[in-house]
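The whole structure should be built from the sequences, with the hints applied where relevant.
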Amino acid sequence: MKRLTQGVVAVLALGLVACTSLPGGEDSLYQRLGGEAGIEGIVYELLVEIANDERIVERFRELNIARFQQGLETYLCSVTGGPCQYTGDSMRIVHSGHNFTDSEFNALVENLITAMNRRDVDTGTQNRLLAILARDYKDVVYL
Amino acid sequence: MSVSRPRVLPLLSAWLLATLLASPALAAESRSRILATSAATTLEGSAGGGIVPMAVLPGYGAREEQGGSAFVSYVHLPDYDLAVAGVNWSWRNRVAISLAEQRLSHQPLSERLDVEPTSIRQTVAEAKVRLAGDLIYTDWPQVSVGVQYKKNHDFFVPQAAGAQDDSGYDLYLSATRLILAGLFERNLLLNANIRYTKANQVGLVGFGGDLNDSHEWVGELSAGLFLNQHWLIGAEYRQKPDNLSFIPESDWYTAFVAWFPSKRWSLVGAYVDLGEVATFDNQRGAYVSLQGSF
Ligand code: HEM
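Sequences listed follow chains V and L, in order.
Under the working numbering, the final residue of the first sequence carries the number 143; numbering is consecutive throughout.
Under the working numbering, the final residue of the second sequence carries the number 437; numbering is consecutive throughout.
By construction, these hints were calculated from the structure, which means they are not laboratory data.
Take the hints with a grain of salt, since some may be wrong.
Claimed, not checked - Restraint-style ranges between C-beta atoms, simulated for each label pair: (1) Thr114(V) <-> Ile376(L): 17 to 25 Å; (2) Val57(V) <-> Asn355(L): 53 to 61 Å; (3) Ser96(V) <-> Leu410(L): 16 to 24 Å.
Given the structure is predicted, the values throughout are model-derived calculations rather than measurements.
Idealized CB from N, CA, C, for every residue including glycine.
Structure, rendered in structure tokens:
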């Protein structure tokens, strides 16, 4: 039982460290993604991945891709502390009415990871971006 | 002497793994949950680590999909060897079922007790339900409840040690969370369970005993850090009941490295410390587990 207590303390301590090191300093994340050019490259690769992913490609069939591309770049720039202001509708408004699913969300995240791998984004930078975007889950799926 | 039954589960598991090896098409790649979120498979067939289950469901199926896996595991200790094989399946990331067959070889114990049987087989069947939350995408952990039914097929030695029953059930509640960029910008996996059990050495030495013959609550913890998308290092702790006066039972520990080269395969290696097992102390050794997902 004593060892269990030690274990619980260890896990709680890990949790505390984890919370204090959550993505602060998001200003530098934009730089670490390679700034404007870096984000454009990632979004481009993401579009290529989506186009080749039969799980979700239908969802983008009717879309004005240039506008979507532009909007996504601005959104990523703004949430990573870059010099952009995303002025589009909120994630909840943009995505509601489509009933995007949990499977589709996961598929898109997987495509984003592949896109970042293609652009040689390092693991830590990838994780910090994913941590920010994961918060949008509730504003994207089943709406 | 018990006549040995055909080993259906190990054969099924081996067949599935061979099919995965041979087949380009039927695999996990088209499922949507991201790499490594299938977790590995425990010695009891549940999605989790090596000895501690997690709230995640097996395979890579997201909430509109299904998925599952087959696995084989081996534990080598100074005086025991444990071989496990099994299969599991999940539906819509909501419910999962699993089956595992364990075979414990205990030659040194047989010599010490001067008895004939040298192995104990046990089957574990589990159902797990995700109650709430998502491993990654919700602010609270993924929480699941699992129930395991265990049947010990070679009760001669366990009974001689004072075990009361040759079958039993465990109930557990599990909470698991993957914190993205949680520690050193690495993804941090945290898991805690409470289990209601009266199994001796997970049931391999039967259920209940002279010291205690009722279910009790025990705790389990595991934590891991993803070095990158493919490599996870971590540790586990599993508290155990202590029901038999003849053979005191220790809590279990592991330290593991897990490798997820693709959604189809994973390989886990671990150092395990099982303490005192049926009169033999210092049972520290190696664990290896191969999992194929479909
Ligand atoms: C964290 C995850 C997501 C983020 C950050 C995100 C971001 C965005 C942004 C910024 C826009 C607006 C683009 C513009 O200005 O026009 C948008 C629109 C859109 N998103 Fe997402 N999205 C996410 C998940 C998804 C998923 C999972 C799907 C479906 C597979 C999806 C499909 C769409 C579609 C179809 C539009 C266009 C909607 C319309 O114009 O009617 N998104 N997304």
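Open item on the list: Within 17 to 25 Å: is that where the Cβ-Cβ distance between Thr114(V) and Ile376(L) falls?
Closed with: holds, 24 Å
TODO: For Val57(V) and Asn355(L), compare the CB-CB distance with the range 53 to 61 Å and indicate the outcome.
DONE: holds, 59 Å
Open item on the list: Taking the Cβ atom of Ser96(V) and the Cβ atom of Leu410(L), is their distance within the range 16 to 24 Å?
Closed with: violated, 42 Å
In summary, the one numbered hint that this structure violates is 3.
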